[in-house]
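Protein sequence lines correspond, in order, to chains A and B.
Quick note: to get my numbering, add 9 to the position in the first sequence (first position is 1).
Quick note: to get my numbering, add 9 to the position in the second sequence (first position is 1).
Hints may contain errors.
A pair counts as met if it fits within one copy or between any two copies, since identical chains are not told apart.
[To be verified] Simulated pairs of lysine to any residue, SDA-like, Cα-Cα distance not exceeding 25 Å:
(1) 71 with 133
(2) 36 with 373
(3) 133 with 44
(4) 91 with 46
(5) 403 with 385
(6) 91 with 482
(7) 340 with 307
(8) 380 with 486
(9) 112 with 410
(10) 335 with 321
(11) 340 with 65
(12) 380 with 471
Rather than coming from a laboratory, the hints here were simulated on the basis of the structure.
Protein chains: 2
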Amino acid sequence: MPKEGFVTSITRQSEDFSGWYNDVVLKAQLADYSPVRGCMIIRPYGYAIWESMQGELDRHIKATGHENVYFPLFVPRSLLEKEAEHVEGFNPQVAWVTHAGGKALDEWLAIRPTSEAIIADSVKDWIQSYRDLPLLMNLWNNVVRWEMRTRLFLRTTEFLWQEAHTFHATQEEAAEEVATGLECYRAVSEDWLAIPVIKGRKTDSEKFPGADWTWSIETMMRDRKALQAGTSHMLGQNFARAAGIEFLDRDNVRKNPFGTSWGYTTRMVGATVMVHGDDSGLVLPPNAAPVQVVIVPIFRKDEERAAVAEAIDRFQAALAGTPEGKAVRVKVDWRDESPGFKYNHWELRGVPFRMEVGPRDVAANQAMLVKRVDRSKEAVPLDRLAAELPARLKAYQAELFGRALEFRESNTFHVDTYQQLKDGLDGTGGFFMAPWCGDAKCEKQVNDETGATIRCIPFDSPDEKGKCMVCGRESERRVLFARAY
Amino acid sequence: MPKEGFVTSITRQSEDFSGWYNDVVLKAQLADYSPVRGCMIIRPYGYAIWESMQGELDRHIKATGHENVYFPLFVPRSLLEKEAEHVEGFNPQVAWVTHAGGKALDEWLAIRPTSEAIIADSVKDWIQSYRDLPLLMNLWNNVVRWEMRTRLFLRTTEFLWQEAHTFHATQEEAAEEVATGLECYRAVSEDWLAIPVIKGRKTDSEKFPGADWTWSIETMMRDRKALQAGTSHMLGQNFARAAGIEFLDRDNVRKNPFGTSWGYTTRMVGATVMVHGDDSGLVLPPNAAPVQVVIVPIFRKDEERAAVAEAIDRFQAALAGTPEGKAVRVKVDWRDESPGFKYNHWELRGVPFRMEVGPRDVAANQAMLVKRVDRSKEAVPLDRLAAELPARLKAYQAELFGRALEFRESNTFHVDTYQQLKDGLDGTGGFFMAPWCGDAKCEKQVNDETGATIRCIPFDSPDEKGKCMVCGRESERRVLFARAY
């Protein structure tokens, strides 16, 4: 298979979304399978996208007063088992270290599936007084959950993430913190990745094992399925009580602090692929694109090459003349390959703008500018382009967000009966706002029969009395049903 | 114990270096012990120092053409065992996952002690032609080595590090890469952490298991013991051959590529403590200090507080007037504690400059500036201070490096006989440059009898014929002996 065939060789998105996704991830070299079951290798291009969202999220987390820390990879079995719901939820997914240093261990060590248990035990000594609160911590690390069915980025046995863990003197403060975490995730998802989100509360069946309640942001992929993009949990006093954390409050009474935790993972690289991509591969939002503008020089003879190189140099110098221009991530592709090969290469990789600069462009002091998302082509004077590029990237970012939002809105439906939901799911698919009584039995029935779940009870779902579409009992408001990743 | 007692309460460095080190790490809240044997918790202040060196090293690694990637935490046993020396070296230290997802695994999975084995196996498909080389990758991750005796930061069962892995078409190129890695480490150690290094080659007994040769940088702590700060390995074709990596070279012949790997770890946080610290705790180099200048307001009455606050605001505004000034990390400590408490708090934490601003300072439009490293005290007009602070921090950074270099040089001795070495080790301690024949037997004898090892064969050790101090046979040059961490 000739390398030039990459873009035409990927599965069509409309024909087989899943096959398309795998092709894009592998052929754009975001990631690869590894020799370890369910674990992935993140390649440079995929890792650069992760670093970009990681950097942005880290800025939000620090700006809201959290500090980065590190806790051990291992959680002794006895600690994991302290919070009853927690261990029940995670035990089936845990990987256990039983031997080390040439010996069998006295106590098995879990590879952290998440760090609530070890953190609660560790901070006991740090939280003595109300003065030690709030304690606002964040960890960047790897976790392991033994998944049965894995998908590159979306669901892997090991994944990279950020997990925030906080402790507060009052429930009100902790509840505010749950909102702060979710807002960090909205900001990174919407403003950085151009992925519109729906904020809402999870049903009790879907909440985090050991939490009082869980909030999430939900997003729609191009196949109209939902993907949970981030969760923020109110842990109440559950872990603090189990670990025996107590502080002396202002009123001189010893109390258990209230905890929260919230996480955002490498799956968002996969979400970025699935929200913006098309039949030619990735379409990256400029903020997260490792390369924002690729310049492809076109020439045959040596003199042509020199003239083209000189024009590109002048353009880059002009661009670097302003701070915004200097910050633009430009790559000039001088590889010894045909222009067509390079177009395909960068198209597959979703670079927002391609600039073609050939002898005729040099003569006219212009470049041919091609926009990845709609392939529109425009001859633009080089000076003007240098001045306008930062604004054009900003507009491109906004355009992707708008396009994704419109897609989601035009695929979100209000349904009133169970039959409408079933027809919708089996027809176009999408998000379905439907009345539900609040009973886990009705929720489970829908899931068993259709594969759809309640993604969340959206915060902006208005009061609207209705009849539960399953059992006919009273419903307070519509909730969001969808099939999900 | 009153909190004010912190700095006077730490063990004196000169009396018990090891006790002093633990006190500083725990009481300055760099790290804490964890419920998991040999694993540590890195607290915010310690993690911020790690993030600072990590950021600087990442810039060097990227500037030299390497790209960040991620490989799995797990290494299947069969892969770890492919390179014979490698498995022999690491097997005793491996932690094994034997159960996961509720079942016993068919094949045990090692928690990576380092990633050569899994990387060599994974890149097979990526390296087909000389055009795919060099492959220059870097990973930021956690590794586990089951250590018998652990010390916070210096030697922990789990640690954080960076591991670079590269593949090259020729041995010459790979050898250059080994030097590039070592130079990144020199730059971060000397120019960022103000820790002078000695570059050299490890003896065969001390090289990385599976490498052809290993280079290292060696540093001297304040107790005159050595600490290996970073290593860079020429892997030759060993791992490539074991994994079956072959590429088609320009001459149309299939060949195994040459590999290198190099790593730098969280132990360097410990090194920073041990190279610069004193009886009052940490002394941080400004580049790596989370807080470079702490301002302690001094006041009794509310009017005084207002006047002091206003003066501090004006100072901060003036400082922010230049890009260099804006970049200075300043903290104003408004906590409801006594000035003495705050002096101790920040002294223990090694903040380079303390500014005391009280009513009399405000009247004189000045601050009392206290330099952490020598406690010198100086009244400086606030305007001048705002203008001079960036340069003063730079000078402070240079001063720490100079002080550490002078300490190392005045504790490095040329010895010609084994008895001189023994006397020196048991007397002042330090670095000992001594003649050695090159035989591993003599090396082992010294180690067995004195606890000292050959840290490296320094690159700047001149040709100097002599007699091996152990066996009397010919020696080409002096090598560096020391007791080490």
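For each hint, the structure was consulted:
1. Taking the shortest alpha-carbon separations for residue 71 and residue 133, only the intra-copy value of 23 Å comes in at or below 25 Å, while the best inter-copy value is 40 Å.
2. Taking the shortest Cα distances, residue 36 and residue 373 never come within 25 Å of each other, neither inside one copy (36 Å) nor across copies (68 Å).
3. With identical chains, the CA atoms of residue 133 and residue 44 are at most 25 Å apart between copies only, with a shortest distance of 11 Å across copies and 40 Å within one.
4. Only between protomers do residue 91 and residue 46 lie at most 25 Å apart by alpha-carbon distance; the minimum there is 19 Å, versus 29 Å within a single protomer.
5. Taking the shortest alpha-carbon separations for residue 403 and residue 385, only the intra-copy value of 17 Å comes in at or below 25 Å, while the best inter-copy value is 51 Å.
6. Taking CA atoms no more than 25 Å apart as the test, residue 91 paired with residue 482 passes in neither setting, with 38 Å inside one copy and 64 Å between copies.
7. With identical chains, the CA atoms of residue 340 and residue 307 are at most 25 Å apart within one copy only, with a shortest distance of 15 Å there and 54 Å across copies.
8. For the identical chains of this complex, residue 380 and residue 486 are neighbours neither inside a copy (42 Å) nor across copies (63 Å), given an alpha-carbon limit of 25 Å.
9. With identical chains, the CA atoms of residue 112 and residue 410 are never at most 25 Å apart, being 54 Å at best within one copy and 44 Å at best between copies.
10. Taking the shortest Cα distances, residue 335 and residue 321 sit within 25 Å of each other inside one copy (15 Å), while across copies they are farther apart (34 Å).
11. In the homo-oligomer, the alpha carbons of residue 340 and residue 65 lie at most 25 Å apart both inside one protomer (22 Å) and across protomers (23 Å), since each shortest distance falls under that limit.
12. In this homomeric assembly, residue 380 and residue 471 never come within 25 Å of each other (Cα to Cα): the closest approach is 39 Å inside a single copy and 60 Å across copies.
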